[in-house]
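Could you build the full structure based on these sequences and the hints that come with them?
For the numbering used here, count along the sequence shown from 1 and bump the result up by 704.
Simulated from the structure, these hints should not be mistaken for laboratory data. Careful, some of the hints might be misleading.
Quick list of simulated restraints, FRET-style, between CB atoms [what the hints assert, rightly or not]:
hint	residue 1	residue 2	range
1	G713	N754	24 to 32 Å
2	G782	A742	36 to 44 Å
3	F714	A777	15 to 23 Å
4	Q763	A742	14 to 22 Å
5	K766	F714	30 to 38 Å
6	F714	I783	28 to 36 Å
7	A722	D767	36 to 44 Å
8	A729	P779	18 to 26 Å
9	I715	N754	20 to 28 Å
10	P745	T781	34 to 42 Å
11	N754	H716	16 to 24 Å
Everything numeric in this text was worked out from a predicted model, so none of it was measured. The C-beta atom is built at its ideal place from N, Cα and C for all residues, glycine as well.
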Amino acid sequence: MSEATTSQGFIHLRVRSAYSLLEGAIKAGKVARLAADAGMPAVAVADRANLFGALEFSQAAKDAGVQPLIACALPVTGIGG
Numbered sequence: 705m706s707e708a709t710t711s712q713g714f715i716h717l718r719v720r721s722a723y724s725l726l727e728g729a730i731k732a733g734k735v736a737r738l739a740a741d742a743g744m745p746a747v748a749v750a751d752r753a754n755l756f757g758a759l760e761f762s763q764a765a766k767d768a769g770v771q772p773l774i775a776c777a778l779p780v781t782g783i784g785g
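Right, here's the structure in full:
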């Protein structure tokens, strides 16, 4: 990735890992390494309805020098009628 396309201020906030069945294919640990290679200071893993990859992702982010942001996309039903 060239310096012109790398932005220090950009952070992915909705990455789905392989722990999000049918939505993500990348291993949680690899997310942090790719973010570090792209020059990002932080990256978020927001798997759907689980936090199974949180520890793996956090440890990989620490090793890669990237701040881990952990989120969970929760399905909500029954709101609004």
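The hint says 18 to 26 Å between A729 and P779; measuring C-beta to C-beta, is that right? This hint holds: roughly 20 Å between Cβ atoms.
Does the Cβ-Cβ separation between G713 and N754 fall within 24 to 32 Å? Given about 29 Å between the Cβ atoms, the range holds.
Using the C-beta atoms of F714 and A777, is the stated range 15 to 23 Å upheld? Distance hint for F714, A777 holds at roughly 20 Å.
If I claimed the Cβ atoms of P745 and T781 lie 34 to 42 Å apart, would that claim hold in this structure? Given about 36 Å between the Cβ atoms, the range holds.
Consistency of beta-carbon spacing, H716 to N754, with hint 16 to 24 Å: The hint (16 to 24 Å, Cβ to Cβ) holds, given that N754 and H716 are roughly 19 Å apart.
Assuming the hint says 36 to 44 Å, is it satisfied by the Cβ distance from G782 to A742 or not? This hint holds: roughly 39 Å between Cβ atoms.
Quick check: does the Cβ-Cβ distance between Q763 and A742 fall within 14 to 22 Å? Roughly 19 Å apart at Cβ, these two residues keep to the hinted range, so it holds.
Could you tell me whether the CB distance from F714 to I783 stays inside 28 to 36 Å? holds, 32 Å
Is it true that A722 and D767 lie within 36 to 44 Å of each other by Cβ? Once the Cβ atoms are compared, 19 Å apart, the range 36 to 44 Å for D767 and A722 is violated.
Quick one: are K766 and F714 within 30 to 38 Å, going by C-beta? violated, 21 Å
Given a hint of 20 to 28 Å, does the C-beta separation of I715 and N754 actually sit inside it? At roughly 22 Å between Cβ atoms, N754 and I715 fall inside 20 to 28 Å, so the hint holds.
Going through the hint list in order, the structure does not satisfy hints 5, 7.
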